[in-house]
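Asker: Heads up: the sequence lines are chains C and X, in that order.
Numbering (our numbering) for the first sequence: 392 to 837.
Numbering (our numbering) for the second sequence: 392 to 837.
Hints were generated in silico from the structure; no laboratory data involved.
Ideal Cβ placement from N, Cα and C applies to all residues, glycine included.
If a hint is listed, it holds; no wrong ones were tucked in.
Derived Cβ-Cβ restraints for the label pairs, each shown as a range:
| no. | chain 1 | residue 1 | chain 2 | residue 2 | range |
| --- | --- | --- | --- | --- | --- |
| 1 | C | Asp-432 | X | Glu-532 | 37 to 43 Å |
| 2 | X | Thr-651 | C | Gly-689 | 39 to 45 Å |
| 3 | X | Arg-831 | C | Gln-478 | 55 to 61 Å |
2 protein chains.
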Amino acid sequence: MACDWLIHNALVLTLEPGSRPLPGGYVAVQGGRIAAVGRADVPGDLPAAQENLDARGALVLPGLVNTHCHAPMVWFRGLADDLPLQQWLTEFIFPAELGWLDPDKVYWGTLLAAAEMIRGGITTVGDSYFFAAEARRALAEAGLRAVVAQGVVDFPAPGVPDPALNLQVAEDFLNTGANFGSRVTSAVFCHAPYTCGPETLQKAKDLTRARGVPYFIHLAETRQEVVDLEARTGLSPAAYLDRLGVQDELTVVVHGVWLTPADGEILARRCVKLCHCPESNLKLAAGVAPIPELLEQGVIVGLGTDGAASNNNLDLWGEMSLTARLHKVWGRDPTLLPAPRVVAMATRDGAAVLGLGRATGVLAPGMAADLIVVALDRPHLTPLYDPYSHLVYTARAADVQHVMVAGRWLLSEGRFTTLDWPALAARARSLSRDLSACCRRLRPGA
Amino acid sequence: MACDWLIHNALVLTLEPGSRPLPGGYVAVQGGRIAAVGRADVPGDLPAAQENLDARGALVLPGLVNTHCHAPMVWFRGLADDLPLQQWLTEFIFPAELGWLDPDKVYWGTLLAAAEMIRGGITTVGDSYFFAAEARRALAEAGLRAVVAQGVVDFPAPGVPDPALNLQVAEDFLNTGANFGSRVTSAVFCHAPYTCGPETLQKAKDLTRARGVPYFIHLAETRQEVVDLEARTGLSPAAYLDRLGVQDELTVVVHGVWLTPADGEILARRCVKLCHCPESNLKLAAGVAPIPELLEQGVIVGLGTDGAASNNNLDLWGEMSLTARLHKVWGRDPTLLPAPRVVAMATRDGAAVLGLGRATGVLAPGMAADLIVVALDRPHLTPLYDPYSHLVYTARAADVQHVMVAGRWLLSEGRFTTLDWPALAARARSLSRDLSACCRRLRPGA
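Chain C extracted, bound-state conformation:
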């Protein structure tokens, strides 16, 4: 029987551990999954297919996995930059979140974020924010694979004015997730140990543990929060979460900039995963996470863009380039984080971080057909000696030509197939004018 799609004539990177690039490679897709991957030395070797994509001169690899994002914060991209953290948060971000956001803006903002992510070859996103049901609806419509987490904090938040109801809102969110099937799943995001009390952290974990879904938490992003936590509890970040019993293989800590080696040991022992967001960490002057050390300890690390308010883009190519470079200079060793390791972080390991390691992140029979086709016939990608080197140090979002999720094209020849970009752009112009006006009302002296 013929498969649905055959992508052939490509240089294929399967990202399976130990695999080598496949020149003249193909990927056969059937029913949303990968039916076969291989190398066709003669045309007759190719499986029969109803539709063909000749990817001659291009790379095919698993779609990128953005393990940490706050998609609706795309509205705040460039609203204010280069400010001290507290001023940025209290004068711009918090007022805009509490005084302007509503479910409709979260929905449209998530569609806008989805457009940027699809254009840049992201096929799976772990998204954490408020009004998460609207983000989930938008990501489902956009066609992305997603783990969407409802935010929990112990103070008033967008859509949760009464913090006493924060866990109830999260539970309701999980309860309404069944309709989305396996492509878009639901989870909980406890914002941080300094915004959620111990009881909230524990009850949220009870909720996610009972349902077998991920539990996200910002941890050790700034030095000050670690100092404060230790003053309050006598414990380092991972030791504190361990005392609360909230760390297991479905716990995902984000940032981890100020984790100690002892913290890393705890994370590794509990099989906790980590999201590394270096562009955000640098822009906010948070610091540099000890990624080579955490990897050495056996912690699985994925890459994340963080939200556009603090990055200001949702582009994993920049995160790959920065990850590979930053840790070399920080560790004074140019051999740290070589390119193939970083590509794995952005694909296979990212999938594992989100609990999707058996579903996506590598090209192998039975896995979801989540893949991207990257053009190579461009000046900055010429000559080509090593595709991993190009992916990390040279390729950029605009080099992505085609994006497939679960066997469905979301981007074809650089054009969106699930999103109406002109309509989305018009909506974005209107809503961003509205936000500007709202900011002037909220900060009349500015």
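Following the hints, position chain X against chain C.
Answerer: Leaving out everything else, chain X in the frame of chain C:
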């Protein structure tokens, strides 16, 4: 009289000090220079023109200035990465340079590099390498503005097998430069204080001083070279060059990673300029240059990509993003190097670094018509509150739609007008196969 070209309906950033963005802005071009820049509140305000470009919804700003590049090294892009510096140099780069490069490969490599730079909105490049006459010819054909410097080292180099002739080769290069006019000028590049003896450094400066052209030199790139220099001379890098009398307003030091505050004072006093190449510095684990401190001391700093062997791209958008982020985390202060400062480094200040501050780098009447048009109607550039923020933190090379140098379009709607990309790509494939074969001959055990 009607001007040659009118670019209108744009958001114009002139980059003149203290200027504000001009919505509904226009740039009029006549005879290769800017005739007028302004804001048309009604259509009748616009100058008459023979040809018009409606840049509605786009940004127009001065073209980017790449202050430090080794264009022909594009052949070694990704040939070897993530290695210890000495192994990378001695096993890959030096053998490839001495065993494979020739004038023809320098010419074609420079064209390939020019394609990448034009595609990414670079209009001016300071290029330093060997066989510099071939690079000069290629950059002139490509239509870029360039300061091309012949390399000088006290050991055998590509095209200069006898180091006793290194200054003669440089002088011959300067002597043959007059035909290229003011758009492509000639200079000298002393590789570094550890590869050029004091007499060479001084004689090269005599040569450039007599002709009023720039003198480039790598300085304080690695910690080891600074330690070695101090052991040998008792002096820090800038103090050493000062003792030799080679520092003046046309001296351009590159990297400056390990400069001390006392070095910075010397550079500022001598009006020496600095090229900052952060992507290369990180990838080679060289370190982080003290840029905020040097700026504070009054040193003019431009951005550079360095060569593609050590970067691995010739993309100033990545350098801008990294510059703005890196120094925030390094200095633990998120207000360091705000976006407008970084855009100035990539344009106006870069021009000043190359001694071209009166010719290019800002959009003002009488300046060269070197400008770029950057698309804004894209998901990652939506919404737009602050164009400087977008240029630094979000925009990428592929957002450049049009590139003009000296009144001539080099890129139009993303297409090259001076370069034949298919022919160049075919030549690149052939030459890179040849280099791969040569590397296997040179390193048969690998």
